[in-house]
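S.K.: All the letters of the first sequence, read from the start, carry residue numbers 162 to 378 under the numbering used here.
Just so you know, the hints here were simulated from the structure itself, not pulled from any lab data.
Source: prediction; values computed, not measured.
There could be a bad hint or two in this list.
As the list claims (entries may be wrong) - Below, in silico cross-link-like pairs of lysine to any residue (SDA-like), each with a Cα-Cα straight-line distance of 25 Å or less:
hint, residue 1, residue 2
1, Lys368, Arg176
2, Lys308, Val283
3, Lys308, Asp334
4, Lys308, Trp367
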Amino acid sequence: MSRANAKVLAPLPRRLPAEAFSQPDPVIAARYFIGKTLFVRDLSSATRSITAGVITEAEAYGGAEDRACHGFNNRRTPRTEVMFGPGGAAYVYLCYGIHWMMNIVTGPANSPMAVLIRAVEVTQGADLVAARRPGVPRRHWSSGPGKVAMAMAISNAHNGSDLRDGSDIWLEDHGHVAEDQHVSIGPRVGVESAGEWALKPWRFLWKPPVPPELGHP
DNA sequence: CTCTCGATTAGCT
DNA sequence: GCTAATCGAGAGA
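Build the full structure now, drawing on both the sequences and the hints.
M.R.: As structure tokens, then:
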């Protein structure tokens with residue numbers, strides 16, 4: 162291969178800029194992450210294989226006043242500790258004793274904010290995901306926060322990993338554009354007990370356009 | 001130590 | 001639509 166071709170074919174700089182993680186408003190961050198690609202290395206297998214998926218649903222948590230956030234009122238515990246670090250780390254915790262939830266820590270240090278990844282569309286390693294989710298239809302592989310972890314083999318082994326330049330779990334921009342007209346905004350799921358904070362429209366759901374031939378008259 | 005509850009899912013009605 | 005499963009975190013005594 163010639164030097165000129167090597168330059169043309171060199172990988173694009175796909176990692177996200179640092180500012181994406183230090184963004185002080187978790188709601189803006191959540192919207193920004195829609196359409197970005199999450200890469201995960203399977204730390205539980207000897208092969209340490211990698212799967213990837215485009216983020217299609219996300220929710221914002223944070224600001225010390227957000228009652229739905231684990232860091233509400235600056236509650237600092239072993240579990241929430243990673244949220245008090247600077248943006249860019251993975252916050253992974255166990256929910257309902259069974260399900261792992263994957264979050265992107267955002268904002269400055271000492272300010273607990275995170276974006277929960279609620280759904281992805283698998284774009285790499287579909288064979289691996291199919292093996293992890295036997296009998297499950299593809300459309301249900303990762304259509305929920307617990308399912309995202311199951312599909313991509315995310316667990317507490319990823320908690321605290323640096324998403325900015327790490328190699329166990331990270332984010333890339335592959336040019337998928339989630340246009341406003343296809344992104345619905347609404348209240349967060351499963352946080353009814355958070356009072357008025359449960360009503361905040363901090364959930365973003367990307368529904369790619371329906372092909373014309375499938376549209377209703 | 002004990003008690004409560006959860007950023008959910010899957011299966012059945 | 002309804003609910004059991006499942007267990008660690010966090011709070012309080």
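S.K.: Could you run down the list of hints and mark each one as holding or not?
M.R.: Do the hints match the structure? See the list:
| no. | hint | verdict |
| --- | --- | --- |
| 1 | Lys368 to Arg176 | holds (24 Å) |
| 2 | Lys308 to Val283 | holds (12 Å) |
| 3 | Lys308 to Asp334 | holds (22 Å) |
| 4 | Lys308 to Trp367 | holds (17 Å) |
The structure shown violates none of the earlier numbered hints.
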